[in-house]
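Chains as they are written, first to last, in our numbering: chain A, 1 to 161; chain B, 162 to 452.
Because the hints were derived from the structure by calculation, they are not lab data. All the given hints hold, so there is nothing to weed out.
Computed list of lysine-lysine pairs in BS3-like fashion (alpha-carbon distance at most 25 Å, straight line): (1) Lys84/A to Lys373/B; (2) Lys46/A to Lys209/B; (3) Lys84/A to Lys209/B; (4) Lys291/B to Lys91/A; (5) Lys47/A to Lys373/B; (6) Lys47/A to Lys91/A; (7) Lys84/A to Lys291/B; (8) Lys74/A to Lys102/A; (9) Lys24/A to Lys84/A; (10) Lys46/A to Lys91/A.
Just so you know, these numbers come straight off a predicted model, no measurement behind them.
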Amino acid sequence: MRNIFRIMIIGLFGIGTASGQITKVDQEVYGMDCAPCAYGLERGLKKMDGLQEVRVSLNDGKAYMGLAAENGLKLRSIQEEVKKNGFSAKKAEVTLMGNAKKEDGQWYFETANERFSVSQDTPTALLQKLTVGTATISGTVQDEEDDNLSGHWSIVLTKIE
Amino acid sequence: MICKIFPKISLNISYLLLILLLLLAVTGTAMAQGHGPLYGLQTPTLAKGGVDLNVASMSLSTEDETSYMLRYLFSYGITEDLQINLTTPTMIERLRDAPRTRGNSNMPANGDIEASLWYRFFSNAFGVGKRFESTAIVGVSAPTDDVRGQVNVGNSVHAAISTGYASRTWYGWIGGGYQYYFEKDGEQLGDLPYASAVVGYRPNIFMGDYPKPDWRIFIESLAEFPGNNKFNGQLDLSDSRSTKVLVGPSFLGLYGAWGISFGAMFPVVQDLTPGAAKERYRLAINLSYWL
Chain A
1 MRNIFRIMII GLFGIGTASG QITKVDQEVY GMDCAPCAYG LERGLKKMDG
51 LQEVRVSLND GKAYMGLAAE NGLKLRSIQE EVKKNGFSAK KAEVTLMGNA
101 KKEDGQWYFE TANERFSVSQ DTPTALLQKL TVGTATISGT VQDEEDDNLS
151 GHWSIVLTKI E
Chain B
162 MICKIFPKIS LNISYLLLIL LLLLAVTGTA MAQGHGPLYG LQTPTLAKGG
212 VDLNVASMSL STEDETSYML RYLFSYGITE DLQINLTTPT MIERLRDAPR
262 TRGNSNMPAN GDIEASLWYR FFSNAFGVGK RFESTAIVGV SAPTDDVRGQ
312 VNVGNSVHAA ISTGYASRTW YGWIGGGYQY YFEKDGEQLG DLPYASAVVG
362 YRPNIFMGDY PKPDWRIFIE SLAEFPGNNK FNGQLDLSDS RSTKVLVGPS
412 FLGLYGAWGI SFGAMFPVVQ DLTPGAAKER YRLAINLSYW L
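Using the sequences plus the hints, can you model the full thing?
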């Protein structure tokens, strides 16, 4: 009985891991012009659970983030933090592990708590490599309502591992 | 050299620095009034939940006397577009015959305690480091002195609007405001419409990326049009509104959560009502800390 319970627990964690997560985010930030702006954003991001390293560049207008191996962080949470600091979150270059699915001819990648629709702007060669199941991908993500944080993501794939 | 040419200014700067250093030694912490201009109206950018603490040392000199003041400013970001401020002064040397001025966008150069609300009603971040934004300001003040410029001084209300552009290299703000003092014991300070314009520039040498120090220079200008005072229930009709235009440089240095700004303003136009005090200069040093 105890073994069955253990197997169930392991299974549950296994499902959680398999459902995927974001591992790296380079978030483009518009409107950030000074050191205290960068300091405030860096500090805000560092407070988020699941972020392992954060670097903010004023000259690039970007926040570079490495995420923990196990994290439940949403891209939306990161962009909300940017907005909370008075700036605009634009495109993000992300690496994520997710489950690829195809519904009505449209490809999607799902992490534990977010869904990314694969943009038609993705190079055909990469689209042809897509298969249903778990994969690690990289790409450029933009909120479909650009800075309104709708949480509907469109991703242009740049790499499939 | 500067000491020889401007012995009194040099002495006052030393005085201001000394006061500031003493204050820092006592409090062990420091604080400025944002990361924009020192005197002109600006637009706030405090994060939601962000706190900005400031301490400033200010001086205003007329032909006959010079004031010294420490001023503290606490700012809190209710949202990324709504900021509340509270500022209080410690007057070290008051002027007997104080010129009418606000002197500073969110830290009055007079002895008022002021609470204000800043609402950024427009913001367009359109590029890396670039944004346009506009802010409306409303505030209420209570004086710490009974008489100012030989007139009973009451509470006041203040409203202003400013709009600006920021980038990694160039900055600019324009704005205008209006302050109205209520009557006290039959006397009333005249109202004060004013306008400000500021241009800022960050030289290439300070374009190092965060967390390197970040310096910028501003050329600030203020135009003030104080109205006539009311004495013993009677409006002083001796002349029309005064006109003052002041111009001067200010510098802002930022490093991590810290900021320092300092600057001076000198009058270039002083068309004053009879008996009004003529200004010589205004000085300010400001330290900021963002929590």
